[in-house]
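A.B. asks: Next come the chains, spelled out residue by residue.
2 protein chains.
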Amino acid sequence: MSNLCIAQSGGPTAAINASLAGVMREFIKDDDYDKIYGLKYGITGIFTHEYVELDELFKTDEEIDKLSLTPSMFLGSCRYKLPDITSEATIDIAGKPYTTKQVYELIFDFFIEHDIKSFFYIGGNDSMDTVLKLSKYATKNDLDIRICGIPKTIDNDLPRIDHTPGFGSAAKYIAASLLEISHDTSIYRVPSVTIVEIMGRDAGWLAAASALARNGYSSVPDRIYLPEVPFSVDDFIADVETVLKEKRNVVMAVSEGIRDNAGNYISEGESKHDKFGHVMLSGAGKFLENQVKERLGIKCRSVEVNILQRVAGHLTSKTDILESEKLGATSYYAAKEGQTGVMSVIRRVNPVTSSLDDEYLVEYSTERIEYIANGVRKVPREWINEAGNDVTPEMISYLKPLIQGEVSLSFKDGLPDYQGILKNC
Amino acid sequence: MSNLCIAQSGGPTAAINASLAGVMREFIKDDDYDKIYGLKYGITGIFTHEYVELDELFKTDEEIDKLSLTPSMFLGSCRYKLPDITSEATIDIAGKPYTTKQVYELIFDFFIEHDIKSFFYIGGNDSMDTVLKLSKYATKNDLDIRICGIPKTIDNDLPRIDHTPGFGSAAKYIAASLLEISHDTSIYRVPSVTIVEIMGRDAGWLAAASALARNGYSSVPDRIYLPEVPFSVDDFIADVETVLKEKRNVVMAVSEGIRDNAGNYISEGESKHDKFGHVMLSGAGKFLENQVKERLGIKCRSVEVNILQRVAGHLTSKTDILESEKLGATSYYAAKEGQTGVMSVIRRVNPVTSSLDDEYLVEYSTERIEYIANGVRKVPREWINEAGNDVTPEMISYLKPLIQGEVSLSFKDGLPDYQGILKNC
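Quick mapping for you: the protein sequence lines, in order, are chains A and B. Note that the working numbering gives residue 219 to position 219 of the first sequence, counting from 1, and the numbers run on in steps of one. Note that the working numbering gives residue 422 to position 422 of the second sequence, counting from 1, and the numbers run on in steps of one.
Wrong hints could be hidden among the right ones.
Chain copies aren't distinguished; within one or between two, either way the pair holds.
Computed list of lysine-lysine pairs in DSSO-like fashion (alpha-carbon distance at most 27 Å, straight line) [stated by the list, open to error]:
hint, residue 1, residue 2
1, Lys66, Lys29
2, Lys247, Lys140
3, Lys81, Lys59
4, Lys412, Lys318
5, Lys423, Lys66
Source of the hints: derived by calculation from the structure; they are not laboratory data. None of the values given here were measured: they were computed from a predicted structure.
Starting from the given sequences, assemble the full structure and let the hints guide the process.
C.D. replies: Written out as structure tokens, the structure is:
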């Protein structure tokens, strides 16, 4: 029997271990392979001979359940882009120079030596570039080693997929945060403005998810600004003034990536210095906080939804976790059937409409990696309102199913009982 | 039959409605009073005639359960300090000038007019000042209206009480956040420093709670800095270097209130300006992030645990919620017995030791308000290690019981199903 290999790459999410768990469950059930190796720190684990035998670490359903609900990457990660096979660059690995060809040989020597039939890479746009390059190399060199991607990114910006694993949990965390912020900000008589900055440098999906916080008693966030529409500080201030006429405590959601007409991040023009004269960068939220204070003379605070939006394992979407597992399983069977250079995808059966009663049904398949690697899917302009300061009902219909359901997380001593962090072996 | 009156004051917590719910449960069970009025926006609701009949709004156990698990103040809040009865100041209320005496009369006229037997004020140090002043006034003027405080503050800085309602939930949220941050920061090979800034201007209890994140696989936070010990940037940088020798990804927890030897907030010396030349304030975390980058040339990020640390109803401590209800009930019966000018307190039966096996038992009673109003309880120096960069085992023993247990929160459409925000009636 042959073996499998898997690795995780890029930035963390709360669901990336669920995809690893999804592959593990099929590996155990299927009994068609002998071992499953997990590379540490993504593909770079091959360069440093760092890997684990996952089949030895996870044997029972309980162990895999715990892995599935643990945020971030159990195997560690990397931000490493393989050089193009035609590149003449020299690559330094552990102090030794390698040609591009040697780097690819190093990787495939590892696969051959360990009798790897399929390699799975869980990641986003950049990681899919690795899947593309490795699968091309294998095909070109007549190596029957299947290279399959499994999607992952809180940014939800991969092409050819309805939504990405990790996004639903991030969206749920962001919406819950905005709801709780609305409870926090509504208690005083004094008028106030709260600006909530949400992740997303290029695509506004995460900021859009804040709209899900709105309910029968709260209109928070009162406006939403995405990077897909050029941002005007003057218009923003005018919007604040408009909302202040209707209510006392205003909450505005902004994407960290909002840019002006010329494409510059809106806080870029600032020249802040610490006491040693060093330039300090601040975010869009802080910048707008100062603008509101200065121009309107009103109590204003900015809140950065911090890195928990990507790793809040304590508040994940059950839909997201289950779909992430299923995408792992889909890649597992695609590779087994002989597919290579593909990524597993999830597609919505019914089109998204402005009705909130759309039935949410999905199907799983695979897509050629060429269409996905290095691509970016932004929020379509038609899902942003005309004024560019809110999302449309279609966006709400699209987002709503993704945050449904809660997982049953175990607690120990008052805190989530996660699978531990993999230390250096 | 006579009536009751209650209000909430100060900053929000995730457990302040639990204390309101605690009073409501006894009110319904006891059937000794006719009505219970809730003042909106704290004591200032009397000035503006804004109040609700809580007995009409909450009748069933289910309704009160939902209220109990809703963060922030259902009744709204204020940051209003009553003038001293001897003050000669003139107070403006709704555009009309009032003498101090008239303000007190306004309040007690309301109580008399509504046949109020007892008034409960849920709040922190400043709110207990209101309890002190009103109870003194009632006693001096032979008015049999009992004025009782119910404690509340995430800061845990009230004197004469083992710990304050709201603190345990904030501590649990902070510890869970640090645990998840440890998963987030540990995935790359590249060395990194993460500085986590936690609330607490004067007392370091909340920052200390980050220590609870440590478990069998994670040492995060690697060091903890509280405002009770003068902070040295040089020592901090040296600590970062020390930890970097042991591990690749360092996480330091700092209280927002850390100050230098002269008592100045450590980011105070900065002079940052936006593009219009306006001074921008940043926090301790951002300041230290820049120091680390500059001095050590290492990847560094600061994370501000945002306002969710005080209102994260989605991750509260069951111990905290139940104790907060019980403190409401304790004040209810204290007032009924004729006590006035008191606050309900919780005390630990067994002393805190360095053993983690201490049995956690508490008892409830009341304490004279004179000992509590305007007081601040800081972290005792002996619960901070000698070097001033961590907490002791006694602190862990003290904190651990407070975050135990999870509540069963209902979800609706993927988000917590909270009691709505009280709009203007």
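A.B. asks: Does each hint hold? Answer for all of them.
C.D. replies: Tested hints:
no.	hint	in the structure
1	Lys66 with Lys29	within (18 Å within a copy, 43 Å between copies)
2	Lys247 with Lys140	neither (64 Å within a copy, 42 Å between copies)
3	Lys81 with Lys59	neither (32 Å within a copy, 62 Å between copies)
4	Lys412 with Lys318	both (21 Å within a copy, 13 Å between copies)
5	Lys423 with Lys66	within (17 Å within a copy, 42 Å between copies)
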